[in-house]
Amino acid sequence: MTDPRARVEELAGHDRVRLIGVRHHSPVLAAAVGPLLDAYAPQTLLVELPAEMQDWVRWLADPGTVAPVALAAAGPDGPRAFYPFADFSPELAAVRWAQRAGVPVVCCDLPLDDPAWRDREQAGGEEPDGPTLRGTVHKGLSGRAGDDLWDRWVEAAAPGSPPEAVRRAALAAGWALRHDAGSAVDPLDLRREACMRGHIAAASGRIAVVVGAFHAPALLDGPTLTGIPAGGAVISLVPYTFDLLDARSGYPAGIRDPRWQQAVHACGATPDGVRAAAHGFAVEIARDLRTHGQPAGPAEAAEVVRLADDLAALRSLPAPGRGELVEALQTVLAQGSPTGVGRGVARAMRTVLIGHKRGSLPPGAPVTGLRPAVEELLAALKLPGPGDAYRRMRLDPLRSPTDRAREVAIQRLAACGAPYGHADQGGGETLTTAWRLEWTPAADAALAVAGLHGVTLDQAAAGMLAARRRRERDAGGSTAEQALAGLATAAACGLPRLVDRRLADVRQAVCHAGTIEQIVAALHLLRRLEHGLLPGLTDFPSAAPGVRADLHAAAVGAVAGLAGSTRVDDARALRDLVQTADEAGAVLRLRHEIDALARAGSPLMRGAAAAVGVLLGHEDPAVFGTRVASWVDLPASEATDRLRGVLSIAGSLLQAGGAPLDPLVEAVDGLPDDEFVRRLPALRGGFDALSPADRDRFLATVSERHGDIGDRLPADPLAVAGWLAADRAGLAALTALGLSTAPAAPQAAPREPVAPRATGTITAQERWRLLLGRESDKLSEGRRPLATALDELYGAGRGEGAYTVDGGGGGREQAYPDVRDWLEDLEALFGTAVRDEVLARAAERGRIDAVLAADPDRVRPSVDLLHTVLSLAGGLPEARLAKLRPLVARLAADLTAQLARRIRPALTGIGTPRPTYRPTGRLDLAATLRRNLHTVRTGADGRPQVLPDRPVFRSRGRRSVDWQVILLVDVSGSMEQSTIWAALTAAVLAGVPALRTHFVTFSTEVIDLTDRVADPLSLLLEIRVGGGTHIAAGLRYARQIMTVPSRTLVITISDFEEGFAVGDLLAATRALADDGATLLGCASLDDRGRPRYATGVAAQLVAAGMLVAALSPTELASWIGDKVR
Amino acid sequence: MQGETVTARQIDPPEFRYADELDFLAAADEGRRPPGWRLTPRAVVTFIAGSGGVPVAGPDGKRVVEPKFVGERALVERCVVTLAGERGLLLVGEPGTAKSMLSELLSAAICGTSALAVQGTAGTSEDQLRYGWNYALLLAQGPSAESLTPSPILTAMATGAVARVEEITRCLPEVQDALVSLLSERRISVPELSGQDGAVAYAAPGFCLIATANLRDRGVSEMSAALKRRFNFEVVPPIADFDAEVALVTRQARAAVERGGAPFAVDDAVLETLVTAFRDLRTGQSAEGWEVERPSSVMSTAEAVAVAASLGLSAAYLPGPDPLSLLPGHLLGVVRKDDPADAARLLAYWDGALRRRAESGSRMWRQLWEHRDVLRD
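Which chain is which? The protein sequence lines are A and B, in order.
Just so we're aligned, residue 1 is where the first sequence starts under this note's numbering, counting upward by one.
Just so we're aligned, residue 1126 is where the second sequence starts under this note's numbering, counting upward by one.
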């Protein structure tokens, strides 16, 4: 092995060729380049730039050019190379020196037209340090992730060293990297080096070479390559900015924290200068934190400075480097919480250390960049350019390659923000697209902005989209919506690398925080990608299958969050999900969740889950059928919702008849008449989930089973119902007296299986017509009022067949002109209980007249009814609202009274002092004596003496207003039952003297309703629903109104489907938790404890310090009691 | 302390275990030391993070210092610099990331003892952080220096040593806040003794405080902002390097089994499988980059050591089945702590990442996949 010292000496000591090995951005070398060149005074300067850029060196070095700027090369096939320059770039310093000294500059790198460039996947802008000695550095130096050899050996150690020493250190680092790479050097690099050697040989006299340190060791000997012609690549010199220069922006050839580098360069990289810069930045960051409300005073800044200096001393560095400063900032300020305080620190560090410096070009520099490139592209694609009239075009991107290119260009222009193409038709998944294309002045303006990001359309589009992504990340991470939209856009623009990043976002945002609809949407989008339906993207991204698998895994987690859903859409999403999971073979785990849902979900989800079980083949259809049939006997709303759940998923399965259907038909047929009539509205509601056409088919199946049978009844239904009731009462009386009921026996006698088993006088056929709400005209005269009364509620139905005027719809009687008649009929036909139920259902469907007609004193108070009434109240004018007020007042008052009875016990006595071992200054003498009786011994004077080993104290009594309870209620989607429970609970809590209760609603805006909290009626009527979900805003408001954090309970009632950045939400949560407030998230607050919520977000909230649970108001009250006591 | 005759300790504290190495390092580096320190800061770093295989020259010859803490050297450096500035150091991280061990090593190296420690619990009272009384003496003689029982922290202040508070977040917030004035004023006043000697106990130079805290655990109370500002925070991450973690698990499990005199006979491949599974479940991402549902229980290296030791013990005392077949049961035991859904998550791991590995043909994983039945409930 060669001795490194000798080798470095050999490299550094060449007398004709002065090698200056650099990294493209290196403040210490940039500062050293001037003195080095002054000392050596070369006759020619060679820099590592491709030959095509030779003409541009003059503009680069022009005194009027303000860095940062970038040299970009683009060929006909897209961007080739990208060289950003800042004041701390050694090449720029060298070129400027040459300009001043009048020394010629030669661009000695391989011309970009050479085929070797194209063989490499991504051209240009590679880091000269190539492979790193990371392993060695890790063990020997700091062990920090992300540290590289160059930083430690050259940047951190250099301040205060003479320029020549810095040059040698850089050459040594380059040699070490080269040595590490061994023979695995990229062929392109070898060819480039041969070309550089050619230039060195060709130049005469003393020459200085400013070149990547990695290449330097290879330049002194080896084969040379000359005579490669400079090609026709288009070169542009464009202004650049510090935030694009930062390595985290995703742009090539960047460096971390440009402003820090600039400061190091500005002070000439002297130890005192660097130290002063570090101190300045520490103070600046502390100030920035203070302006954002985070406590960070001079004491903290001083500690940062001390820690950074001492770390540097411990590591034998002349001055703290960027690494030491960052370590010190994080140790002192970030408090070990990356989501809470740490986020603020990271933001402040970004603001301060990256900076916003923006470059500019000298007057007279040739105009280049994006605009000419776009014009050329449009001309090549025969699309209307500037000055052309608008055109309409229909493109077929999936078949014609030209159209594909056009489509992609249009999409990319849109991504750059240039209004150029307008889609002529929206919606639907069509294979062709129609556009109205026109160049507008606004497009010019947009391209001027986009030009910062690149000099070709794809570069600029990628840059703009990447910038959008970065903004999302800065705001706390992309939301699921943003990630999905970003993925779709990136795919449409044909940017595979961005697609990969967006896939990662989707994985992050949708898998961890997405709702089930978003997961299904993501799966759908991936399927389109896979089938190549997005024209921009030809290859299916390799990461996609992994993301898909993750989405399936996430879906499994999200299923649990559906337990409380009452939306048919959720049931359908479940079905879609199960189908895709089935295709992907990922149902093993899903089954577990589905079973749990079928056991403990809301009625709708239980029904849906049961149906899914059959569709998956987990459950025997016959068992399923029996189960469905048993639901007929459940309480009304329960039966309705379960049937809705089943039918919205497995309607077609039941339509087909056979094992799943038979038990249901038997159960319906087996009901006694009065029972059937009583249950009719509920069951009809369940079947309403099917479209009219589906119901017709269903009826056909059932009819087939029964056969057609005469169906006329001699008397009218009211009379029959009356007779039956009397008959039943008589039978009951007989049974009670122990008399024989033998005559009833034949009813139970076995019948022929196919024959309808209708127990009463309403035939099976009629029963099903009533249940399904079809063929009402074929009903007997006496049954028709039943059908009409229910049709009034349900109408003809929605979906397929709703508008056809055949059998079901035709010949119906006139609907009720007056809602009172209808209500009376309902009561007469079905009884009071059923009437209330139908009333609630009518209110749910927006029948405000039905609610207004109801007599407040006759309705049974229930949260369901209050819920539906309030849902309507939102859209009412005050005049009609006034009529509703008595009803709401009655409901609210009754329910609050009921709730108060249940809650109060949990909250009584919270002000009473309790014994404690903790010294409080109030000794509990009796308890102390009892506790220490075992220490009694006889004293010297013969009297017993107690030696109180463990004194017992009394906790401070809490008589006054002591605890703050902040109820944050999500009112974004619709008026949820949880909202009503929250309002009622708040009203009860407001009556507890030791608590100060705040009631705050939030959607995208936050409204404090605390002044009305004692009166549930006005509270409920004041709540306005709608808008997006912004939980973080609510939490921040809570933080504002909180007075003593350790005595504050912040209770958030939400489904946690945050519409804004989840990172922000976590930070807000963390901030409250860090303050010491007690946080509770209620996924639902109702009597059932079945929440519908986004499980992913909830899990992250738990990690951030907020407990999440589904509670009943009583449980909530006892939780508050526990916390407060 | 040297005079104590202790025959055997179940766990040897670092000041005894590495006594001669500490003496060696104290003699080897003659550089400047912060007041009250037994070693130079650089020697403390070397003691904890090792000398990187390079022999350290001392007065009685050279020796290589082995690393005791597996992790970033920069982290240890920051801890040492923080303590050298006499500022409080708070080590935070998930359970089982060797925070306590690091704090013991630091205090043993700096002041020669790691015994001045308070264990934080919900029942910890201010007495344990400041001072208490011998009530019998207090009643008999009234308040005096004799009847006062100093807390370990008060002792550390008096002697200029390093005090440790373990699990500080388990203390109630008002108890934690007893440390605020102590850390800023560096003295404890004892109002009961006013007018006597010792009414104010001042901290001797060299006194500093190391606290440890778990962030992701149940039953912790938040620290107040005032207290947080008096600490420098260091996050101790789980071991990043797979090989290092396997080596650590193997070493410690072997030590645990061999302490009882039994041979440790668990195959390396089994241990690698075990560590891989732990890492997958800990990070929520498999080694191949697949998503894994994270259980809410903590999958720490310490737990992995415990499982490996159990496998070793059962192989030593109850030889029989393949140790691999016991792994699912042990994993279930680790996972099923408080959330019943965690068992289902483990099953999901089996059906997801593990099944894919089994299908890709790895023998170990295929065998493990075959033991899926253990997880069924």
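Think of the hints as simulated: they come from the structure by calculation, not from any bench.
Computed from a prediction, not measured in an experiment: that's the story for all the values here.
One should not assume that every hint holds.
[Said to hold, decoys possible] Just a few of them, taken from the derived set where beta-carbon distance is under 10 Å, the chain B residues facing chain A:
#1 R1167
#2 C1204
#3 A1240
#4 V1243
#5 Y1260
#6 A1265
#7 G1267
#8 L1297
#9 W1415
#10 A1466
#11 D1467
#12 A1469
Positions of the beta carbon are idealized from the N, C-alpha and C atoms, including for glycine.
Verification of the hints:
no., hint, verdict
1, R1167, "6 Å, holds"
2, C1204, "9 Å, holds"
3, A1240, "25 Å, violated"
4, V1243, "16 Å, violated"
5, Y1260, "5 Å, holds"
6, A1265, "8 Å, holds"
7, G1267, "14 Å, violated"
8, L1297, "8 Å, holds"
9, W1415, "6 Å, holds"
10, A1466, "8 Å, holds"
11, D1467, "12 Å, violated"
12, A1469, "5 Å, holds"
When held up to the earlier numbered hints, the structure conflicts with 3, 4, 7, 11 and fits the remainder.
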